[in-house]
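Colleague: Residues per chain, in single letters:
Number of protein chains: 2
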Amino acid sequence: MANHAVGIVGATGAVGAELMSVLADLKYPVGSLHLFASERSAGKTTTTPFGEKTIEVFSVEAAQKCDVVFLAVSGEFAKEYGPKIAEKALVIDNSSAFRLDDAVPLVIPEINPETAKGKKLIANPNCTTAILAVALWPLHKAFGVKKVIVSSYQATSGAGIEGMNELLTESRKVLDGQPADHKVFAHPIAFNLIPHIDTFQPNGYTREEMKVTWETRKIFGAPDMPISCTAVRVPTLRVHSEAVTIETEKPITVAAARAAIAAAPGVKLFDDPDNKVYPMPINATQQHDCNVGRIRQSLIFGDHGIDFFVAGDQLLKGAALNAVQIAQLFV
Amino acid sequence: MANHAVGIVGATGAVGAELMSVLADLKYPVGSLHLFASERSAGKTTTTPFGEKTIEVFSVEAAQKCDVVFLAVSGEFAKEYGPKIAEKALVIDNSSAFRLDDAVPLVIPEINPETAKGKKLIANPNCTTAILAVALWPLHKAFGVKKVIVSSYQATSGAGIEGMNELLTESRKVLDGQPADHKVFAHPIAFNLIPHIDTFQPNGYTREEMKVTWETRKIFGAPDMPISCTAVRVPTLRVHSEAVTIETEKPITVAAARAAIAAAPGVKLFDDPDNKVYPMPINATQQHDCNVGRIRQSLIFGDHGIDFFVAGDQLLKGAALNAVQIAQLFV
Chain V
1 MANHAVGIVG
11 ATGAVGAELM
21 SVLADLKYPV
31 GSLHLFASER
41 SAGKTTTTPF
51 GEKTIEVFSV
61 EAAQKCDVVF
71 LAVSGEFAKE
81 YGPKIAEKAL
91 VIDNSSAFRL
101 DDAVPLVIPE
111 INPETAKGKK
121 LIANPNCTTA
131 ILAVALWPLH
141 KAFGVKKVIV
151 SSYQATSGAG
161 IEGMNELLTE
171 SRKVLDGQPA
181 DHKVFAHPIA
191 FNLIPHIDTF
201 QPNGYTREEM
211 KVTWETRKIF
221 GAPDMPISCT
231 AVRVPTLRVH
241 SEAVTIETEK
251 PITVAAARAA
261 IAAAPGVKLF
271 DDPDNKVYPM
281 PINATQQHDC
291 NVGRIRQSLI
301 FGDHGIDFFV
311 AGDQLLKGAA
321 LNAVQIAQLF
331 V
Chain Z
1 MANHAVGIVG
11 ATGAVGAELM
21 SVLADLKYPV
31 GSLHLFASER
41 SAGKTTTTPF
51 GEKTIEVFSV
61 EAAQKCDVVF
71 LAVSGEFAKE
81 YGPKIAEKAL
91 VIDNSSAFRL
101 DDAVPLVIPE
111 INPETAKGKK
121 LIANPNCTTA
131 ILAVALWPLH
141 KAFGVKKVIV
151 SSYQATSGAG
161 IEGMNELLTE
171 SRKVLDGQPA
181 DHKVFAHPIA
191 FNLIPHIDTF
201 QPNGYTREEM
211 KVTWETRKIF
221 GAPDMPISCT
231 AVRVPTLRVH
241 SEAVTIETEK
251 PITVAAARAA
261 IAAAPGVKLF
271 DDPDNKVYPM
281 PINATQQHDC
291 NVGRIRQSLI
301 FGDHGIDFFV
311 AGDQLLKGAA
321 LNAVQIAQLF
331 V
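Quick note, the sequences are listed as chains V and Z, same order.
Sequential numbering from 1 applies to the first sequence in the UniProt record's numbering.
Sequential numbering from 1 applies to the second sequence in the UniProt record's numbering.
No lab work stands behind these hints: they were computed from the structure.
Source: prediction; values computed, not measured.
Check the hints yourself; a few may be wrong.
Because identical chains share one entry, a pair is satisfied inside a single copy or across any pair of copies.
Capping the alpha-carbon separation at 25 Å, the derived lysine-lysine pairs in DSS-like fashion look like this [unchecked claim]:
1. LYS250 with LYS65
2. LYS88 with LYS117
3. LYS120 with LYS88
4. LYS268 with LYS27
5. LYS147 with LYS250
6. LYS268 with LYS147
7. LYS173 with LYS276
8. LYS276 with LYS183
9. LYS88 with LYS119
10. LYS146 with LYS53
11. LYS250 with LYS146
12. LYS84 with LYS119
13. LYS250 with LYS141
14. LYS173 with LYS146
15. LYS141 with LYS268
Bound-form chain V, shown alone (with noise of 0.2 Å):
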């Protein structure tokens, strides 16, 4: 196995710093190294699992002399460099500039890894998309998901490390009394809760409802599936949670649901409510795989739904992990 210089550009913000995380964790074959970010912190030296590290001012060239680039940035440069970086290196894209695009194939690897095969630019998805769908795909495989309704509980690592900052420091604030301000969100999250991430669609939909539906339907090749989202931020650090009711084609059992979740990669059951034992931040934090409880036969849908509750780190499934393993497909 050839070892691949590796590029990461965004490498100061926090899908940035996981990414290199992961790529340790999974031992990915990383010959070298590529550190890009802002003329800001350019020259600035990083302390990595693969050593010390010089952050490099990005360019097209250099990323493009890497084998496998990362892009943690923002949508409009992933739009611009993306292409450019793709005409040589292998690139996977964790902004949203690319996902819905027919040409460009948005995967998670454990659903649809043969949609990568000999593609140059590939979509990481939104995280609450990718951590649903984990959990949702064995059961649509062996089920058949007629319909979809999530409401989602999202960390405020969804904002980057400003902010998991704003959630501390807004925290910190309120305790001692004093009125918290805010920057990254709409409103103050700390003892709060925001019903509003990303902007607002024409249909009363917000951005991030509305790619939960469109990316779980591209990602499921089920165009036409009915899913509705609403999405919360929350005031925790970086675990997004869903509660999932879904309608079946086939009769579904709590056993059955419990047996498919159990057998399917990337997700892990943690289902034994007599143990207080269920999906939670705190025991998804830093976890590859997402859990998956509260499975319980549905009181909507009778013997053809379930409803249940799954967790999984926002920066890991959600983001980073997600883009490493894409990347695997091709070592």
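Starting from the structure of chain V, add chain Z where the hints point.
Modeller: Only chain Z this time, still in chain V's reference frame:
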């Protein structure tokens, strides 16, 4: 209007304190106020909107001398003493002891005030149920609700002052880099979520989740309405929020749903996404009305369904306010 002798049993708890404020806010005709608590608190004085009061040891005889007695105590206590007090006084019980008892009305004054008529013992609904029901009722009247799917975001106030204090104490510890221990909740709640409120039932739902189903059906007089809930404790202080998906008998539009909510008592339309106006704990805290917003056409049920988000003060409409509103039916 004759002034009432008003008793509060459990006067030192979170709901007890709110009951006094609400009695004052609603200008309830309080002739005298009698605060009952355990022997531990008896003899202490406390400041109320009705002057300094000395806390009395509870006895059935003392409570029976009141015109109306609010029980803000455990279900066991209510079960033992509620019917006895109700031989003489009007009793409004905040516990779950009698909520599903066919002989006891379960009342939300905006919905089913007629069921209270001539009764001496009346049950106050579960907090999550009350906040859901007051928003759902105008939609049910206008469009006929066929299916209800709820995911809750429940504040620590649901576990009383102890719950709120546990969140604050734990948050401080986590921010100081110490481990968060916990006593009130099953797991640490600071910067976490716990999809477990009240005990697990044989069907895998928690009792809290089933209360939403059972109690809403009783209040609506709709014993077979399909209603399901996922109840999740979140690190907020005193407002319960709920993401709700409904299917309706008649076609429904966003505009018609907004109009129905805007015209209904007990709820306030908080639905102007362009100006970042939607229900949140910070705008529903200490408000009598429950805020309803994020109304949008269902992606699942099309023109026969909507999604919405509701946030209501768990200690007010979810407890003390509704209880006093029940008592007002008898003034």
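Colleague: All hints are to be evaluated individually against the structure, with a verdict given for each.
Modeller: Now for the hints, and whether the structure bears them out:
{"no.": "1", "hint": "LYS250 with LYS65", "result": "neither (50 Å within a copy, 61 Å between copies)"}
{"no.": "2", "hint": "LYS88 with LYS117", "result": "within (16 Å within a copy, 79 Å between copies)"}
{"no.": "3", "hint": "LYS120 with LYS88", "result": "within (8 Å within a copy, 80 Å between copies)"}
{"no.": "4", "hint": "LYS268 with LYS27", "result": "within (21 Å within a copy, 55 Å between copies)"}
{"no.": "5", "hint": "LYS147 with LYS250", "result": "both (12 Å within a copy, 20 Å between copies)"}
{"no.": "6", "hint": "LYS268 with LYS147", "result": "within (23 Å within a copy, 31 Å between copies)"}
{"no.": "7", "hint": "LYS173 with LYS276", "result": "between (32 Å within a copy, 23 Å between copies)"}
{"no.": "8", "hint": "LYS276 with LYS183", "result": "between (37 Å within a copy, 14 Å between copies)"}
{"no.": "9", "hint": "LYS88 with LYS119", "result": "within (11 Å within a copy, 80 Å between copies)"}
{"no.": "10", "hint": "LYS146 with LYS53", "result": "neither (49 Å within a copy, 60 Å between copies)"}
{"no.": "11", "hint": "LYS250 with LYS146", "result": "both (9 Å within a copy, 22 Å between copies)"}
{"no.": "12", "hint": "LYS84 with LYS119", "result": "within (14 Å within a copy, 76 Å between copies)"}
{"no.": "13", "hint": "LYS250 with LYS141", "result": "within (11 Å within a copy, 34 Å between copies)"}
{"no.": "14", "hint": "LYS173 with LYS146", "result": "neither (46 Å within a copy, 45 Å between copies)"}
{"no.": "15", "hint": "LYS141 with LYS268", "result": "within (17 Å within a copy, 43 Å between copies)"}
Figure legend: structure checked against the earlier numbered hints; hints not met, in rising order: 1, 10, 14.
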